[in-house]
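K.L.:
So the chains spell out like this:
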Amino acid sequence: MSKSASEPGVGRPPATSDLTPLAETDEITPQTTIGKFKIPTDALRAYTMVFALIAIWIYFHYSTNHIFLEPRNFSNLMRQTAVTGVLAVGMLMVIITGQIDLSVGSVVGLAGGVAAIAQGWLGWGLVPSLASGIAVAVGIGAVQGGLTAYINIPAFIVTLGGLLAWRGVVLGLTRGETIPLRLQSFKSIGQDYVGPTIGWVIAAIAVAAIAWLTISRNRARRRHGLNPTSLGSTAVRIIVPSLVVVGFTYLMNSYEIAPGVRAGIPNPVIIFLAIALAGAFLTQNTTFGRYLYAIGGNPDAARLSGINIRRHILAVFCIMGALAGVAAIIYTARVGSASPDAGQLLELDAIAACVIGGTSLMGGRGTVFGAILGALIMASLDNGMSLKNVEPYMQNIIKGAILVTAVGLDMAGRKRG
Amino acid sequence: MTTPDQTPFLEMRHITKSFPGVRALDGVSFDLHRGEIHALVGENGAGKSTLMKVLAGVYTYPQYGGDILIEGDVHRFAGVREAEKAGIAVIFQELSLVKEMSVAENIFLGREPRKFGVIRWEQLFRRARKLLHDLHLSIDPQTPIRNLGIGQQQLIEIAKALSHEAQILVLDEPTAALTDSEVETLFAILTKLRMRGVGMIYISHKLHEVFRISDRITVLRDGKTVGTGPANEWDEPKVIARMVGREVGDIFPVVDHQQGDVIFEVRNISVSDPALPGKKLVDDVSFSVKRGEVLGIAGLMGAGRSDLLMAIFGAHAGRVSGEIRIDGKAVRITSPAEAIKHGLGFVTEDRKRFGLVLDQTILNNMTLAGLRRISGRFLTSIDAESAASERTMKDLHVKANSVFTIAGTLSGGNQQKVVLAKWLLTNPRVLFLDEPTRGIDVGAKQEIYAQINKLAKTGLAIVLVSSELPEVLGLSDRVLVLHEGHLTGEFTRSTATPEKIMACATGHSKRAA
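As given, the protein sequences belong to chains A and B, one line each in that order. Okay, so the first sequence: first residue is 1 according to the working numbering, each after it adds one. Okay, so the second sequence: first residue is 1 according to the working numbering, each after it adds one.
I should point out that these hints are in silico values taken from the structure, not numbers from a laboratory. Don't take every hint at face value.
Here's a subset of chain A near chain B, in silico, CB distances under 10 Å, partners left out [unchecked claim]:
no., residue
1, 221
2, 284
3, 286
4, 303
Among the chain B residues that face chain A by a calculated CB cut under 7 Å, a handful are [what the hints assert, rightly or not]:
no., residue
5, 96
6, 100
7, 102
8, 277
9, 328
10, 331
11, 337
12, 342
13, 368
14, 374
15, 378
16, 379
None of the values given here were measured: they were computed from a predicted structure. The beta carbon of each residue, even a glycine, is placed where N, CA and C say it ideally should be.
Produce the complete structure using the sequences and hints provided.
P.N.:
Right under this line is the structure:
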């Protein structure tokens, strides 16, 4: 391997800036005017997403005779979101870096199969079984990341190969059989709930954390001579997310599995939320995260600023692998068995979630929050259309159309903004 | 061949063109006769390329002022296609051939002979073969472009232009990548075209070639014509004097930098060309810089200045030989990260491509290279970053609403300051500046000059690469001159003159001291 300038992503065509006239530019943050309100375009995009989600929910709620937002269905919806959501967090980091991972569906199948074989055929305990599944997924991430970063094979090709190869490995390993889960503790990861009391404790901690973070952030702004946010908007910043947390917990806790037995928050949802928080922290508050955005935004500038592009691409694929492993555990536990075709097309759901959430496939742009919203939208469409007994073929057509429309609207908005 | 007085075939009258903050062309007039080679010379940034883009239809009418006349009729091209139809063909420095296609396909790209939409291959190859034959080029039209050298590709570009029946051919630095024998082939072809009555505009920094091939010479400086004359009445010193003949004004306050010990030294640096094995972009260059010194590196485009800096900074790892010493100790630098660790900073040329993440905020850009120093190894601290970038923003007078403004929305001058800020925040000991004022307005230029002097005063060693002679002369304590990868001159502030530097930079005079 020569150490020439052919680092991944660096071999761009020469900039055409020389040929295009300089644009007259304003030195302001992009803003969009609606009536008399001026809203930063980025924030507007996030709000639009939230409103789209709420609109979808309201529509399904009324068109399904008020079943959709009932605690029982809502709990199901959240559980369905968990797998796609966990994958979307990893996929977001991959895409921000300017890469792609098409293999995650097959990796979910393989990791789930390995974990199921470990606890079933090999008779291993819970922890070693889970660890074996996750370890396989991380190993795959390392191989794919290594091929992409150090051998310069485009990620699209590496992971397209992976999509085929890893599925083949599952089929071979399981000999085409579906392996049932023997361990109840394994199943409970996907099927059980944290009790209502614990749910409320978590909610209380979350509300306290939101308040503390908002207030301390404000203090920091003042310390650095930035305008602190007004009292009113501080209150809104605390109250709105807190209401979401409380409402969410209440809804989850009011689902009665049996008369008098309240469920609480499903385990997969707790895992998903924890991973989402960790992902948001990693991308927004660490040097690692900052470097990912820089690499995706302009690999040449990132490299000349002393960032080791290859190591970061490798790391991001390993993280993606680990999260695919976690998603595999949740998926297998929820279904109660590992089938050789488990996880098919999940990679597309994860990519779609990111893209609907405003992530640019060119790299450098996207947030965990957006990806999660995207995952929720995708899962809501699945769930709602199933409730309405929309034929499967029609479901695919509608989901495809919505994906393309969402990105089309986003691009149109970007051009104007 | 001189053409007697008749209406010129092409006439450009009082062409003006402005970019925000810069007047690139200020009433330039230029004409061209049939069967004439008219050379256009001037320093980088004098307006040659802009003038040719106006001619080629890259800038459409209301974007520029003045008139373009062909055979006496005013033409206002709505785009590149229309200019092509009028018989104008421009061969830019960056070739526009599709590497994976054959020679013939490239020549007729978009205009393939066809019947009912089906390409008639035998006709395409026959016509291509005839065209190449007429130019005495022994190249098989079925060869893929990627199998040809840069020189042959250049000739294919010319064949392509001729297939359009171009009457006006613009050649922008056509010999930059050619070997001597390829230059001879090119000149033979140009001479033949001249006989056929094609008018040619020849842009080149290589004055000896200009004098060999052209009939007339026009010199541009700062967007204005400073003279047009027959080549056989001028000589190189006369042209050089016109190219540089501008006062080094008061914008360069003469500052005597307090110089300390040698802090940085390179010995026998060579860089090989990744595209042409065996060719060296930089050939055996050695120099040293002292604390508090500003070392200027002059030279024309393609002289290897940027490659020299890239090599020092570890960005050309694998094709660099030579030794780098910092504080007298030999160090190995194989990546930009290591260069930064050793206290080097590098404000790159082309801020949009190499300097900035345009989609991101000023803050993110300013702290990118020194993030771990400012924030901490693993966690970012938005507070520490805001404080550092706001302070630097104030020091460098970056004009923007806040550090959270997106870098891509800033003007060129402010973008350049953000790149400078990025490197200052790494706390460098040696700072390399590659064309730090390219494409920015005069006000921002002066601010950057003031910063350079201020930084030198604090003991920072500065290496300044610039194509603008006044800049190099006005700021540097010492000036090195590069020509085609070789060091061809070294001057102190008192011995450097624009004429001497230009002579070394054009290879006219070897090793002046």
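K.L.:
Could you work out which of the previously given hints the structure breaks and list their numbers from low to high?
P.N.:
When the structure is compared with the hints, numbers 5, 6, 7, 8, 9, 10, 12 and 14 turn out to be violated.
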